[in-house]
Each structure stands twice: as C-alpha cells, then as structure tokens.
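Position chain B against the provided structure of chain A, taking the given hints into account.
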Amino acid sequence: MKMKKRLLNLFVLSTVLLWQTGLYAQEVTLARRGDKVSERTMQVRKQLTEVIQDLKKRFGMDFIYENNVLEGKKVFYLSQKEENFEKVLSDILSSVNLSYKKIDQRVYAIIPQVIEKKTANLSDKALQLIQNPKEDLFQPVFSFETFASRLVINTLEKRISGRIISSEDQQGLPGVSILVKGTNTGTVTDADGKYSINVPDNGATLVFSYVGYTSQEIAIGANSILDVVMNPDVRSLEQIVVVGYGTQKREAITGAISTVSAKEISALPVPSIASALQGRVAGVTVTNNGAPGESPIVRIRGVGSISYASNPLYVIDGFPTGDLNSFDTRDIESVEVLRDASAASIYGSRASNGVILITTKKGKRNSKLSINVDSYWGTQTAWKQLDLLNRDQYVSYATALLTNANNALPPRFSNLNQPIFAGSSQTFAQTNTDWQAAMFRSAAIRQHTISLSGGNEKSRFFASGGYFKQDGIMKGTGYERGNFRINSDHQISKRITFGQNITIAYDSRFNENNPGGRTQIQNMMRMTPYIPVEDPNKLGGYGGAEGADASDPQNPVRAAMQDISNTQRLKLLGNAYVEVEIAKWLRYKFTGGLDYVSARNYSFAPLYNEGFNSRNPATIGDNRDLYFSPIFTNQLTFEKTFGKHTISALAVAERQQFRYIGLGTGGNFAANTIREMSGTTNQTASGSRSEELLTSYLGRINYDYAGKYLISASIRRDGSSKFAPGNKWGNFPSVSAGWRINQEAFMKDISQISELKLRASYGTTGFNGIGNYAWQVAISPNAFPILGGSPALGAYFDRLGNTDLKWEKTTMANIGMDLGLFENKITLAAEYYIRTTNDLILAQPVANSLGYAQAPIVNIGSMENRGLELVLGYNNKFGDLTFNASGNISFINNKVLSLATESSSLFSGANADFGGFDITRTVVGEPIQHFYGWKVASIFQSQAEIDAAPKQANAKPGDIRFVDSNGDGNITANDRMQLGSFLPKFTYGANFSLNYKGFDLTVFLQGVSGNQIYNGTKVTGQGMLRLFNSQTDVLNAWTPSNTSTNVPRAVNGDPNQNSRTSDRFLENGSYLRVKNFVLGYAVPSSALNSFTKGSLQSARIYFSAQNLLTITKYTGYDPEIGTRFNNTLSNGIDYGQFPQARTIMVGVQLGF
Amino acid sequence: MLKKYCYIVIASFLVLAACSQGLDQLDPNRVTTENFYTNAAELTSGVNAIYASIQGNGLVAREYWFLHDLRSDDVLPGGGQLETPRNQLLIGSNDPGNSVTNTVWQTSYRTIHRANVVVDKAPKATLEDGLKKRLVAEAKFWRAWSYFELVTLWGGVPLYTEFVKTPAGTAARATADAVYQQIIIDLKAAQADLPLRHEGANAGRVTSGSATSLLGKVYMHRNDYASARTELQKVISSGAYRLVDNYIDNFLEETELNSESVIEIGYSKIGDVNWDGDGNGAGNNETTPRSQEYGAVGWRNCIPSDRLINEFETIRRGDTKDDPRYQMSFYFLGDRFNNDKNTLTDGMVQGNTSRVDGATAKVSWRKYSAMYKTADTYYTSGINIRLMRYSEVLLMAAECEIEAGNLAGAVALMNQVRSRTSVAMPAYPTTKFPTGTKDQVFAALVHEKSVELGGEWIRNRDILRWRAQRKLTREPFSYFTANKHELLPLPQQEIDNSDKIDQKDQNPGY
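Protein chains in written order, with the working numbering: chain A, 17 to 1168; chain B, 9 to 518.
In isolation and in its complexed conformation, chain A is listed as follows (with noise of 0.2 Å):
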C-alpha cells in the first residue's frame, strides 16, 4: 500500500511543481483552448453537470468539484454505452479540458486538465495504479491551493488548516481528500502533506481519505488546526501487488500472496530479511539460527525437500539471488510473498519452497529533495541462564560419578588449596568461575541509515547509505555491514524509459568458534568452575583442565578471544533496463543484472596451552571466494481491455548463470607473531570453479470479465545444467481462477460486505537446490598417505553418481477467500492448500558397508503438506484513537507420503556426545524427521526390580529402565520409537498497535505451538556421561536414599546407555514471545516549524524492546532452535545453538 501512496505523491508533486512553475502559462493555454472547445460543445448534447449526476447513479461514484469547472460545460455521453468506468468519464473530461483523480476507491475529483504529458515508467507500478486505465497518458496539472480555495460552497464559516501525517513514517502525505461530509465540498493536500479549507460552521464533520489508508471522519471543535495521522488499512484491495515479471491490483489477484509493509521490515533490528518476516506472514515460518549474521531458516508451507535446505527463493527487484545478509531491510519498500503454485510458478524450478519479492524504494516524480535519517542504538542480552554446578557442588558431583564407577578421583580434589597459577594469592578452593557470566555479555547494537530520495518530471531518484552493528551476546561473535544504493529511472523519450537498481555492501561476521567441535554453549556448560578464565602461566593467558583435572572441557572464552573465524563480504547486486512501449497495449523490456560477491574467509587459530587442550602450531587459512551472476530478460507485456473483457498477457525468455571461483590456502606458523599467509609452513592451496546455467522461457496471460471474474494461467519451461542430459529441461505450468463475488449486482446491496472473493489455483514448481555437478561422479585426488617417508597422492571416489538425476516436481491446490466488511474495517483472508512434492531429490542414506562416504542424490519419495492459513485484520478509530489489529495463523500438517529408498527410513542426527543413537527418523506415513527412541519407563530401584524387568545389558538399581514396545522380553534397537515431532501444529503472530495524536504504541506477538525439542543441552547437563561440570539437576542423581527422583544414579561412562536418545530429553518446544514492543512519539509538526523554522520536517523518538517476554515450558537458553549441521534432517534438536537476545534500544527518525 505504500507504493500506492508514493505513486499518488508522485502524481500529486508532479503535477504540483508543474503548476509552479507554469501558473501563467496554463492560464494562457486554458484561455486559449477554451475556444476550441466551445466550438465542439456546439454538438454536445447533455449538461456535463447532468452527465456527472448520472455516471453517479450509473457507476455508484462520487465526485468531488468546485461548481463552476462543471458550469456552462456540454459533453457528447451516450448513457448506454458499456465501458470501463475511468475511461468513460476520461473520455469525456479530456473533450472539455477536464481531468479526473481518483481520491478513493469510489471517490474521482474532476480538475483542469493543461500540460498535456506522456507516462512515465509504465512498469512502475505506481504509475499503473495512476494510469489506469492505460489510454489515459495525460496527467492533469493543477494547482491545490487554486482549486481548494474555489472548492467552496457559498457558506463559509470557518478557515480549517492543518498536515496530515502518514503514521508509517511521520512524513507529510500529499494528495489527502478532504471532504466536508455530506457535501461535494473537498480539497487535497499538498506537497507537504498540508491543507486548509472552509468549512460551514455547523459542526461538519470532515472525512480524510487516502488510498492505502483507512479514513477517517473528524468532527470539527473549537480549534481551527487540525493535524491528522493517517494509518496505513492493513489490506487495502487498491494495492498494488507485485508479482512475478510485474505487478497486479491486489483485487485482481487470484493466487495467495502476502504483502509485508517497509514498517514491519524495519521493525525489528535484525541485519537480514528473513528474519524480520517472522511471525508476520501466514505459511511463513521463520527460526532464527545461530550467532549474528547468521542466516534465519525460512520455510514457506512446510517443509520441501528432505535433504537441502528448502529456503524461498528471493527475488530483489526482478533478481533472482540466494543470499539476503548483504541487504538493508531500510531500502526495502515492500515484501511480497508467493505462496502458492499459481503465484510461485512462475519462477519455475526455483519455486517450490515459495517465492520472496522484495521491492526496494523509488524516488518520488517531481518532488524537493527529501533526507531522512534514522538511527538506534541498543543493547542486547541473553534472557536466560541455566542452573550450573558450583565449584563445591561440582566436587560432590564429581566424587559420586566417579566413585561409582570405581574411577580414581581426580588428584586436584585432594589439594585445592594450591594456588591457581605459580604466584596467585588466590586457591582453587577460593575460585568459583561462573562461566555463563564469562561468556555471555551485554552487546550493543546500532543501525544508521541515511537516505535522500527526489525527482522531477523525467527523472527520479532514491540513494541510501547505511552502517548496521551487532556483537553477539557470547564473546567473539558479531556482525558488522555497510550498504550503499541507488535507485533511479528516467524517462528517456515518449517511448523509451531506463532505470536502474543497484546496491553494494560489505559485511563482515565474526562467527561461534565451535572448539572442539562443540558449541560455545555447550563448552560452557562443561567447564570446570574451580578453574580460572586466566592463568597468565599458560600459553595463550588462559586457564583449562589439566592433568589433575581429570576433565578435558575446552575453555570458550579462550577460543571465543583467540581464535579468529571471520567473513568479509563485498556484494554487488544491480540491474538496468530499458523499457519500450511499442504500442499503448504492448511493452518490450529488456533487463541486465549481475549479482557479483567477493568475499574472504579468514581463519587463524593461535597457539596455546590450557594443559589438556592446546594448539601447535598456529594455524592459519585464508580463502577467497567469488561469484558471479549475470542476468539478462527479455520481456513482453500486453495489456488492453475491449468492452468488459481485460486482458493481459506476458512472454519472457530469460537467461541467468551462476559461476563460483574459489581459491583456498593454509599453512602452519610456529609462533603467534605473524598471522597472514607469507611464512607459514606446510603451506596448502586449492581452487576449484564451478558453473550452472539456467535458461527459462516463460508465458502468463490473466483475464479480469467485468471486475468480477478472473482467470490466470501461466507456464516457465527451465533448462538446467544441473542435470543430466535428458533431463535438464523442465515445465512448470499453473492455472488460478478468482471471483469478486461483492462485484456481483446482488451483493451491491449488502453494503457491510466491502470484498468478497473467492479464489482457487493449481500449478507445478520445481526444484533444483542441489550441487552443480550432482549426478557426475567425479575423481577426488586428495588423499595423501605417508609412502617411502613422505606425502604421496592418492585419488578416490565416494559418492555414487545418477544420471537419471531429475528435477524434484511440488504440485499445489489451493483455494482462499478474502472478505471485508464494513469498509474494510475487519479482513480476513483464509487459505487452504495441499502441496505435494514428487520425484524428492534425497542424499538417500545407504548402509555403511557399500563404502560410499557421500550419500548418493536420487528421486525418491513424495511428501504432502495440507495447510490452514488465516488472516485476520481490524482497524477502527476511537476520537483521536485509532487501533489496529492483525493476526496471523497457521497450521501445517506434513508427512511422508512415500519413500522407495532400499529400507525406507532415513536417520538422522547422531552425535557421540548426545549418546552415540540417531535422533531423528523420516518414514513413510509419519511427518518428516520425527524424533525416534526409547521412552523412559521409570528408575530401577532394585536389582529385585531388574531382574523381573524385560532384559537390560548392564542395568543397575538407578538406572532408567526402559520400555520394551515390542514386548519381547529385550531392551533393543527394536524398542525404539516415534517420539514427536519438531513441527509446530500451528504458528502465529499478532500485531496490535494504537495511535492517540502523536503517541504509538505497538505490541507485536509471535509464536508457535505443539512442536516438540530434543533438548540436547539437557543431555550436556544431565546426561553424567563422563565428567564435566552439569547441571544442577545431577545433585538429585538417583542413590539408595534418594529414590523418588527421575534423574537416574551418577556413574561415569553411563553403562546402561541413560543417556541414549529417549523422551527423557524431549520437551514442549511451544512458546509465546513478545517478539516487539515499541513506543514512539512524533513531534507535532507545528512544534517542529516553530522550533526549526521548516528545515525539520518530521521527527519521531522511540523506544523498543525485543523479545522482551517469552513463555515457554522448554527449559534450554531458548526455545527457537536451528540447525546445528545443516542437514535438514536434524531440525529441533538443540545441540546447544546460539541462543536468540532480548535487545532494549531507543531511536530516532528525522525528515529533512
């Protein structure tokens, strides 16, 4: 809905600076032209006064005018002439020099029309909102203040003035209505978003309305100043939608599409996209993963493809590209997400996990220079710490686990009174490290974003500048990025436009060590607490296990500080076109684009000397990576009404490769000195170069009958090196039909219904995330074994190849509706879909003993995902108060249709750490990786007790015993299984946000429900595997006198398997989090002239919280698990990931 409004303002600025400037001519040319018609009003036959009146009655419009532009005016009208509203009464203004804009959805005011101009930028879709229908090409010139003086009704009483405000973002909104209720009476704003007008003294009521927003009708008081802040309607249907290859009026969509706004992507200071969508779109789940900068795992309806990621393809501008973290959220203007077939498909191969559209700002057309800058500074914690052992607890811990096991203690135990270190007044038994406080810190975060935007009447701009920093909550990690771009078009001739998008941004990640292999989390949580963070005696300046420890934890403040993982990035995403318009009906585009990253991934890891840990040499690796993207469209849009009949059409050939460079090194230092390449020894180098091609030819065509029925079919044929020959090509058709039943004659009466309509679609998407040389099998030459006392090389293969390798085939039926009522007071748009994915490309999972490392690619299997999608909107204003309401749910129901790999089951998730079993299990009939083991019966109390159980290897009284599902007398692999699910029932968000004259409040709740966590940090803090320090929970361990407890006896090396993959570790991984809190004021902007004199436009102050309440029954740092491996198949378990931040901060945004 923004882009609508901008597209307004640009036609209301423009026409506003045209008349600034050319007030005297125009005059002129009206006088002269006024002869002209007054020589066709000869064979007129109707008043055009009388012809308004009766379009009123013909089309149920309204029209705003001052009476004598009307006067003495005679027009050629045929009432029964069947067209198009808008091009009837364009027809026939333009034959007496008038011109119309529309106000509203229903309300046209009737202007002079002068300066004869040519549309810009016909793609732009604010200008196919104006220019609609597309006959029009002449813009009306007017002046708002001649017109809102002459806009008077012979009574006037009163002088009203004020500005109205957009609520998004505080700036002046040109082209407001303002209608004195009840009376053709009316003005407009101007450039600035002011207006004054006269007003019976009567106690009117004025209506403001401005499309995109939700009017509003304001008694008048006292008070001759009246400022208004206008709020956006939530789902207005005048907006216009983007879509694939162009844009579409959101009445005329048939297939399900969610628009998110710029307010609700920059509402969250997060670096990338995906995970500002959270909780904001219906179908669309989001779980944060990981440490700042980071990518989000974004699932669009379920999940696709089994074993890749099945991330949404993003589009940025008509640009196909993978990779968000480079982008600022500030230049976006609006999201929009596809989310069935109809709308996805035509993306073709890379649209079956959903498309993201993302649209970046435009200037505005004939517009001053605009300046905003908007900045925020805050600071984030962790929200959570869990109940660790204490440096005594810990020895008692340690001594029963030990002793059980008859395991000598450790030496340290019998003499902490040394000092820490040689020369430390301090003792071992005077040391008491809370590691979690070590690790964890309060992280600052800030974004800057400075962005100038302006226009005139053939060219317009938008450039923005923007720096973002965020340090992780645990030491050593955070995200740093600095973005540039410029948006421009300009209007080359009266057929010829060219524009162009282009951004360039550096980012740089410091990412989690992972020092043994572990998480930080989980090397925190192990971490010895009589053992100092530092001991100036060791290599490095830290203290670790040694010996005496008897315990290997790695110190993580060490590695955190230390050890050097670091990403530096500089992306180039741009693309140009030039547009034709061959004919009023027929457009030619033709798009260049690249997508260029380069990008250094440095890693250098000192020497050190914890005493059980350390490091030598110093290693160090330092690799470059490029890729390289180029993009080039063909494009041709037809479109043209005949009678009641629309139709549009759409023909693209487009043409996009990808190409990797990498060039890897490493080598060994002896010392910490030098940490660049030059002087390392055992020096190594590889490089390697990849390539893919993808050539699509694509079709739609749409027809809209009269408003009401609309029917749109589409189809892409890919091409794709990715495959094996006979099978690189690929189509991928979808149909979608839509009835406007409130368009219907007998719905016209029910006024309470403002949209109703219903919709339905089908379509094929396809997939192709897979490796570019995926069904090769090729030659390794990296193996080198020591012969004849030095490297040689060895060559191999480890992967089977497949050249029936194919694309994986997703096919969606989805019905949906959209209703309004009461003027779009209260929406709701509801959704159902069936997605079925064919042909799944697996890393199928074969038995060990074939001797292949690599699972080999292969179709096999389908899966369905059924879902229930609904929206709820309600907007509704109280005196000064306005509120708005939005609630989003969905509710997926995913599982495994079929399978054909040789066992049909595929396991997932096995870690040595997490008790050595798979964790997960995907077969047939059950949803996608579900956690599979054995359930906990109870706690052996007496050997009596295990020897009348079913049999248990190597039980003990205080040990779990387990179910024997199968009954058959033996605790086996075959008495595991399903345990849950890490699928949410259902997902939520809900957005209430209120504004009472220059105050907003907003609360933004997001969730999800009825998913389940392996909690694997439950198993680092309670599993008593072997010794490390644990959770709290181990002092409650079961012995002969604590016998009513459910944490099994402490005894080291876990004999009966305890800590094998069972429910006990399984949690509710519901939560209900207060994902954004903000409270904001805007100076009132008559403060603001007074106190700078107009160089301020608009200033907003802000307060904001994130994830300020989380309710959750899941007891790790935090409930929003990832993944740890990337592998889709093991997906909530929380191996002891990254967990997500509150973060507290303030900002301001000011407009120059």
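Incorrect hints may appear among the rest.
Computed, partial: chain A to chain B, Cβ under 7 Å [stated by the list, open to error]:
{"hint": "1", "residue": "S412"}
{"hint": "2", "residue": "S737"}
{"hint": "3", "residue": "P801"}
{"hint": "4", "residue": "M993"}
Read the hints as simulated data drawn from the structure, not as lab findings. Ideal Cβ placement from N, Cα and C applies to all residues, glycine included.
Coordinates of chain B only, in the frame set by chain A:
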C-alpha cells in the same frame, strides 16, 4: 516505428535462444570416474588412496588401536576422562550405537570400496603389466586385511568384491566362511604378485611377506595351523626379515621401516592429526594422536593394565633377569624423557594408578610415545604404526609348531625373540616357564606374546581365537557374557539403512 521495435524484440529473443547452449556442464575441477584409472599414475593414485584410508583417523591413526586395545586386557582407563564410547568398550557395555566400533566398520568398508575400484578398473588401464599386477595385488591385500578385521570382530559381514554401482547394491551378511574364503583368495593373489621388498618412494607398501604373514595369521584363525605353518615358514625362510637389535627401535620415528617391519603405516610430523576419518583432505596433517592419547604427560586416556605390568619377568618375583622390555614398554615416575632432559614427576601424570607388586605406582605407555624426544603436553607424533612385526611372525610360527606337536621347534622360535640383542632374556625353559608339555610351551608362548607385543593391538584377536579354540585357561574379562561378547554388535546404522540386514540379523546378545 512499430515494425522497428518488433524487429528488436524478435531479434533479442532469438539471441537469447541462441545462448541456450551451455546446459551441458561437466565438473571442471575433477575428472569423472569414466575417464580415470586409465594409466600407471592414475591407478597408482587409486592404490595410494587405500593407504590414505588405512592411515586415516577412522582406522590406524586412532580408532583401530583404540578398538583392539580396549577389547584386550592390555589396558585400563587412565581416568574418568576416557570418553564414554571407549569406556563402554572397556567395560563391555558397548551397544550398536558405539561410535568407535561404527567408525572402524565404516572406514573398513570405505577401504574395501577403494580397493574394489582398483581391482575393477585395472583390467582396462594401460600400463606396464608388472606394475599393474603389483597395484592390483596391493589392493587385494588391503581388501583382505579389511575383511579380516571385519570377520574377526563381527563375524559374517556383507561381502563386496566389486565396487557398488547403485544404491540398491547392498549385500546381506555373508557367512564368516565365505568372507574367509575371499580373504584367502585375495592374499594368495597378493602373495604371488607382490615383490619381496619395496625401496625409496615405495617404501611402506605391502610386500609378498606382508601377504604371506597375514595369510598365516588368517589360517590360524581358521584353526588351520598346518596351512598357517606353511605360510609362516615361507616368511621366515625368505630371509627378508630380521629382528632389530634394539627392541625400542620398533616404536621410534627415527627407525621406521626397519628390517623387522612386516606391515607398517606411515605418519610424518607434518601439521596436526588429520581428523577426517577417511584420511582425506589437504596433505598438511600427517600425524597420529597415539602419543597424545596414551602419553604420560598427555591425555593418558589408557594406561597399561596391572595384568600386563605384572606379566614381565623380574628378579623381584624370582626370575633370573628383569625383562628389559618392561622399561622399554612403560614409563614410570622418575624416568628421564625428552632426550633425558626432563624427569617424570607425579604432578605431571594425571589419572589412575596401577598395582605393581602390591604397591601403588603410576605407570604409563612408552611404546609409541613421543616423550622420548619432547616434553610437550600436546604432541601428535609422526611415528609410523607397525601393524605386524617379524617377532609376531616368529611367535605365530611357534604356535603353529606347538599345534604340530613340534615343541622344540616352537621353543627355538620363541627363544629367537628372547635373544634379541637388547633383550637377551634367558632361553626357555626357565623356572617359571618350563617347556615339558604342550600346555607349558603354550603358556610360555602366551607370556612371550604378552611381553613382546603388549599394547600392539594383537592381544584382542588372540583372546578371541584362543577362546574360540578353547585354549584359554582363564577368562580375562569379568564382563564376558558367552554368546554375546565374542562379536561386536553390527552398527545400528547399518541395520537401519540396509534392506538386506534386519534387526534379527544382529549379532546375539545385542
């Protein structure tokens, strides 16, 4: 005007269509399998990849000796820091999820795959016939070695003699007999085509002696001591091997590939350990963590067992001489290390103590420890790991002589081992080890094998064999459950991912 634009549009669509070539992309970084293994260099690199896999972390660099040591009575835990899956092997509570056994299973099969590739591809390769035969023989040797590992640890296992071409190519469990038959076929082929010695850049490759020695060992496990005797005698009479004078030279980096070495895996002090289980990756990590895992000042995850420590002959217990191999096998507090620059003190050594002659002592492994030349508490070494030494061949031959009833011949072979220059133990019979009866000679043999080869990954399999052949006088493990602990459990992942193996095919007791 309109026409002109139309031409532009049509032309540009055509240009794009013309650019649609390029959909046929081949991996530019690597050769596909069809175009490889065609010449001497390529086939050689295929064989080298087998050595890399054996050398890797999943086998000889780490998990291989852990598995055999932990299943023997040569070691005890050094302390509570011994990782759980290892500890479970030591106490017999290992299950089908055990990561150590599963890694050895997996890496053995990956080795077999690499060997199968060489055997399959060699016929079409163009190279000198002698070299081709030798390379195929090396591949067959390692295939046999891997199957011998598998069959002795798991019993009958899936048997693949060519590399698998489709995911559906999974094999069911073959009988142990079938696996042994294949091993013997492969070793006989290797024996015929391998040279007696390798020199220079080929030093460290297996020889006909390697194949013959392993074949002898295989026959012993088949209870075919006659055939074993024949093979082992071939090795002895070949004259290719000789015991080195200095016993400890078998465990040092400076004296690798010596005259006693029969099968040896190369390491070099380059970088750190290559933690990749298959031994893949850039060649700057060529060490083994053996020294670190067991070292007295390292992690000391395993220490020598009291049984082994007290097995050595000593004057304290009435023997005529202290066995020099005692000092060369273990470190004791007070020992000099790091080229005699440091002295081992109690504070340096963590973990459990041992009982030596009724007293408490901290004893650690010296075999394969790099402490002789370093004091670093983190040190991964480049010491080659000897999978088979000539002294083992002699002692195996001695056992065959016992089985053949040639007690004097057996004693003579054992005495050869005892008479090594640096050892020079009194010849059998001794007071403690008389040689009058077959049982007495066998007891002496068991003793001699223990002290000569303790901690060299041999004892586990000897116990398995002796138990199966009812030669054990005493069960070494308190945890031992008959009809269970003879074999390891099949990895659960193998059962789960194979349609030819079911839960009912699991080894008994698991």
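Which of the numbered hints are not met once you compare them with the structure shown?
1 and 4
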